[in-house]
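One line per chain: the protein sequences are A, B and C, in this order. Per our numbering, the very first residue in the first sequence carries number 14; after that it's consecutive. Per our numbering, the very first residue in the second sequence carries number 269; after that it's consecutive. Per our numbering, the very first residue in the third sequence carries number 71; after that it's consecutive.
Since the hints were derived computationally from the structure, they do not count as laboratory data. As the structure is a prediction and not an experimental result, all values here were calculated from the model. Worth double-checking, as some hints may not be accurate.
Stated by the list, open to error - Taking lysine-lysine pairs in the DSS-like style, the calculated list, with each CA pair at most 25 angstroms apart, reads:
id: 1; chain 1: C; residue 1: Lys411; chain 2: A; residue 2: Lys139
id: 2; chain 1: C; residue 1: Lys202; chain 2: C; residue 2: Lys328
id: 3; chain 1: C; residue 1: Lys411; chain 2: C; residue 2: Lys328
id: 4; chain 1: B; residue 1: Lys393; chain 2: A; residue 2: Lys106
id: 5; chain 1: C; residue 1: Lys411; chain 2: B; residue 2: Lys393
id: 6; chain 1: A; residue 1: Lys164; chain 2: A; residue 2: Lys205
id: 7; chain 1: A; residue 1: Lys139; chain 2: C; residue 2: Lys469
id: 8; chain 1: B; residue 1: Lys393; chain 2: C; residue 2: Lys469
id: 9; chain 1: A; residue 1: Lys50; chain 2: A; residue 2: Lys265
id: 10; chain 1: C; residue 1: Lys701; chain 2: C; residue 2: Lys202
id: 11; chain 1: B; residue 1: Lys393; chain 2: B; residue 2: Lys621
id: 12; chain 1: C; residue 1: Lys411; chain 2: A; residue 2: Lys106
id: 13; chain 1: A; residue 1: Lys106; chain 2: A; residue 2: Lys139
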Amino acid sequence: MSFSDATAAVSDELAARDDIIVCDGIDKWYGDFQALKGVSANIKEQEVVVVLGPSGSGKSTWIRCINRLEQHQSGRIIVDGVELTNDTRNIEKIRSEVGMVFQQFNLFPHLSVVDNISLAPIWVRKRPRAEAERQARELLERVGIPEQAEKFPGQLSGGQQQRVAIARALAMEPRIMLFDEPTSALDPEMIKEVLDVMKELALGGMTMMVVTHEMGFAREVADRIIFMESGEIVEAGTPEHFFTNPQEDRTKLFLSQIL
Amino acid sequence: MTDTQTSLHRAATEKPPFYRDATVVKWLVQITTLAVTLFAIAFLVREAGDSLQAKSIQTGFGFLEVDPAISLGEGIDTDPATGGRALWVGMVNTIRMAAAGIFLATILGTLIGIGRLSSNWLVAKLASGFIEYMRNIPLLVHIILFFVTIAVVFPDFGENVDPITGEVSQGPWNGVFHVSNKGFSVPRVHIDNGFYQWLIIVAIGSVLGRWVSKRRQALQDRTGQETYPVLSALGVIAVFAAVGWFIHPIFGFVGDAIFAPIRDLIDGTPQGPVQILLSVAAGVVAALWIRRFLAARRTPGGAAKLTDDDWFRVIFAGIAATIACVVILVLWPGLSSWLINSSRDFFDVLANKFGDGRGSVGDDPPFSVSMPDIEKRGNFANMGPSGLNLTQGFAAVFFGVVLYTAAFIAEIVRGGILAVPKGQTEAAEAIGLRRSTMLRRVILPQAFRVSLPPLGNQYLNLTKNTSLAIAVGYTDVVQVGQTIFNQTGRSLEVFIIWMLFYLACSLTISVVVNFFNVRLKIVER
Amino acid sequence: MSSELEHLDGGTAELIANADDREAEEAASRPDEPSLPPLEWLRANLFSSVLNTILTIVFGLAGVLAFQRLLNWAFSHEREWDAVRVNMRALFTFTYPSSQYGRIWITLGIALTLAGLSLGLSRMVGQGFSLKRISTWFMAWGGAVIAGILLVQPHAKRSANGEVLLDADFEPVRESFGTAMADRGWWWLIGVLLLVVGVTMWVGLGDLKRRTTFIGAIPFTLGVLAVLVSTLWWFHWGNYGEQGDIIEPGRTVKDSAKLPWTAMWVVLTAAYIVGRQIAVTDRAGSVRVLVNFSWLLTPFVTFWVILRDPAIDYAHVWSTDLPMAVAFIIGGGAVLFLLTKPGLGEVGRIISIGLFGVAIFNWVAAFFGIYPMLQKARISFLLLALIALAAHNFAGERKQRLRFVLAWAGVMAILHYLVTMINAPSTVDAPDEFVGGFLVTVYIAAFTMIFSFPLGILLALGRTSTLPIFRVLSTIYIETVRGVPFITILFFFSTFLNIFLPDGMEIEQLAAAGLGFALFSAAYLAENIRGGLQAVRRGQYEASDALGLTTVQRTGFIVLPQALRVSIPPLVGATISTFKETSLLAIIGIIDFLRVANSVVPGQTVFLGVRMEGLLFVCMIYWVGAYSMSKFSQRLERHLGVGEH
């Protein structure tokens, strides 16, 4: 399916906005295995895109390509007008524009919560330490755990750790946030607290790409849902379109298994 | 649609300047580092060359062929004819010590390690006391202490002199086994002239024995009847060995009819074609390797790009082949003639050993035994027809490395045993195994699996530690090497020989340990 | 805990550490078990089965016999323990001039002050020793002393002029058993006292109380040290003479070490108490950093205190050394301050690459002899260029940049200080080889650790790098060094290093050996640190990348701190190994204390051939040093284990 189809089914209001992420025919191999097969899709500013698909379908690989944690081998990725190439300046720029939240949190265990959040603003954005720490505390307030500022990641619950991870990404004041299965490693009772933070972020107008298995979240928050299987985009559309009236057989099969 | 087009346009792919291209920067940094390293080495080597020239010290490996004019305390040849021979004697001494040491240290270490976990308080305390004593004191101090102790504790050498005949004797079994402050002396079994012919017969016997054992194993599998496959194979080999003892001269033709012609063939080969052949071989090997490598990287789609690492390997293979060609053809033309000469020498040696040509000897036995002999008070008759002498130095180094390594092996064995999950012990107790059976059948096999890699490392350490022999004058490879470079000034050359020798030892031990490691892992599956 | 001598490789260290953990866990799982009555204890631990009974009897008899022989040997009339007593000073400091001895005490005082502070500030608060354990120790030592008194054969009788009386078989004539027992009054007193104290503690305290009352390990050790130091006041352990002059056994001691040692004990204890006081205040953290930093500096400072007279060639220092150091500190600092300005972009990179080019050209110039330059200026310039290349990673606010410049100033100060100290001729009036004994052991071990540590980190980073040439170079280095015995490397450095140096540059044998130690040890440290690096999860790298940290920042702020924490126990192990490996100095002809005991003492006319006694003393010192370090490492490991989440 070509990328023009993937952007087709979007509301007019969204369509009027600028593209902030452009992916054009990305290919990615791991040795013999082709993880991405000509993936093309555009993301508009302030759009919330949820990527669905069975495991091993290439969703994580795709969003990891967008901030160059993985290198795509052919095709083009343009983020906020900057193309991802070997140019070190572009990579630096994009990494500070795009925040990322991981499945395993990946907090730095040897640093306190505040240091975790203020590290990148100090050393990448070159902010004064005092200011960066003040901002860190504000962000903690925003994600609802101001009292944990001086603790170490190991002393927090999974849900709290993931919220710190979100705060850490937000501290760079990114224009885009990527979420790679942010709730998959959490106990059921902690999922909601993380999803609430993400919803609030979406309402605040953040551009977000979310890989998740939380159908409720996808239905409620997403502007668009992209369904992938074996490295290809199978179908894309608004949530109601996607859940009520899927076009492709593979989508129907997936939905019948998961719902 | 149009939006997409414009944003694609806006960021039209432009090549970044080289200093911002991640790949270029990466390789620039690496190549700069390599260049700086090579420059530093060149710098040092040039300085060394100048200093050596200023002191008019000769360089090169010529000393290996020259009489070193040294005599060694012990070894297979105490009066070596060439420097190479002297170093070889040292290497054999090192290997001898290391092999015996590894064997004994393993047994001792295992016992002590189990002892440390004994339910008997006294045994456990003694074992842990031993371990703490050995491993917290430097090995060199242990070795010197043993050296001094041996001189004090054991009886004076040749202290009994018969007042009438003047004959010297030494206990506990005169003429066979002597213990003294100069070391131990025991009978020595050595290879005699018929050995190699006899070896051919034993090899034939082994092949046959293997065949027999397979047959009998098959029979046992089919009928369920006990057929003793291993025993019968050993029996076959034993019969061949016994018969071979008497009939081995019939294989004298192997040397004369097979190895001698090969030697003559090599002797006649000119140097030029060999050079070309070698460089072509280097090129072909590299090309084949690159082709196989590229084939392995190609995806079904055919479009997979090579990563920097892959490029590095391909280029590296190419450069290596080029360097090899340059060395063979230009830098070191002597290499080819050296290769020709040494393979000729090699086959010459084989022709001699397997042939009938060794003096009168067609019917010399494969082995013979020589007894220790006291020449006079305070002096063993040294090598030659005399027995095997383990000097004071040997004993000191041997006890030192064995006990020292045993302490570490004991800790590894303890670690291995404690790494076996508690559930295994409980399960073994639940099915009513006795403690000793449990240890032998359940705990130790699993513990051994965990301990094997660290044990291999201890074996490497033991081998390297034998080099401390220099402190007590045992003639291992380091001691001989040091004597030689003190006399000839060939420091770098001796150092290179040491390095190659020890690297070869390390490699051998790693290969053996890995072999067992892999086998154990297969069992695990 | 790993080495060639036993820089234990990662696998071994881990295996042993895990075993220790499991044993500690099992011991901790039954803290409330009451002590068994003696008879039941014997039955449970020594005679539980037929096999155990046989083992107990066989090993018990063997142990008693060995103990008896050892004591008979040690207390025999043939032993010359005076060889150790008289040479105490030679063993520790060789021929260090008596007039300058104060420096040694000052150095020791600094080290002990830091040690006391560190111990006091330490967060590693273990439970210490239970009174039960202490009382068992008392009883065991008392029992051992009394058993020894009973087992040792009676002394040989001596004639009026002190010679041993011999019988017809040339065996010494011995006292009767009764006289012998009566002669050992002091020993009886000590043995019985220890036993009585132990038994009183055991019986006097209730079972529960003696099991659950704990005394801190450090106060207990300080107490033991106090007893040992106080014995100096009535017994001359050492027999101190002027350098080189052997005092005959039995002569009174000229000047004893009782006062200095007492002072040392007081310093240690006072520092410990001060440390404990600071530990509970808010400033504990910053003081801890200060103390750790002082530890790093101590070897350099004391190196000067001990080896150099303050009267070095000050004219040269004022005219050349100091100006150059100041120039590098100020000039380099200014360059670095500029380069850490945020948003400098490509300009900064071009400047630093230019600097690097000039630095490299300095060495090329040395190679072709284009222009002369002091070696230390070349080194400093190269260092400046390398740091400048990484400077943009540390850009930030003014305070941060100043701190960076300050670090540079510190590095330069230490470097120039050290080079000046090594190059300036000493004015200590002593023979060439006046540095020797235990002093050399300690210095070589300390410098080896300080210098091999950064090199080890670089090698480990190189070996785990994704850049193939770095990886290949590091691997070749590490595997070659680990493949050959240390003694060959030491020979190489001590004998041939000078051949490789440019004309006019020479290096003393001791410094060459030290370099050999550092380069050798670095290869083993690299393997330990590599283990730590591999323990850092992939996600940590990804998270750092996603935040936009540069490679240098990722390595310095995220990866290394985590990796080093994991590698601390093996690194302590490496320190122990290095400590033991210093014994090899004796082989290459440096007079460390093994060589003093093995060659110097047996060569003295008074003690011709007396070797065993000195060697045993050396054994004891090594054992105490290595054993206490390994105990410390075990505690550290448990402490770090507790910190894990």
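Now for the hints, and whether the structure bears them out:
| no. | hint | result |
| --- | --- | --- |
| 1 | C/Lys411 <-> A/Lys139 | 9 angstroms, holds |
| 2 | C/Lys202 <-> C/Lys328 | 33 angstroms, violated |
| 3 | C/Lys411 <-> C/Lys328 | 58 angstroms, violated |
| 4 | B/Lys393 <-> A/Lys106 | 64 angstroms, violated |
| 5 | C/Lys411 <-> B/Lys393 | 64 angstroms, violated |
| 6 | A/Lys164 <-> A/Lys205 | 22 angstroms, holds |
| 7 | A/Lys139 <-> C/Lys469 | 12 angstroms, holds |
| 8 | B/Lys393 <-> C/Lys469 | 58 angstroms, violated |
| 9 | A/Lys50 <-> A/Lys265 | 21 angstroms, holds |
| 10 | C/Lys701 <-> C/Lys202 | 20 angstroms, holds |
| 11 | B/Lys393 <-> B/Lys621 | 55 angstroms, violated |
| 12 | C/Lys411 <-> A/Lys106 | 18 angstroms, holds |
| 13 | A/Lys106 <-> A/Lys139 | 14 angstroms, holds |
Taken one by one, the earlier hints fail for this structure at numbers 2, 3, 4, 5, 8 and 11, listed in ascending order.
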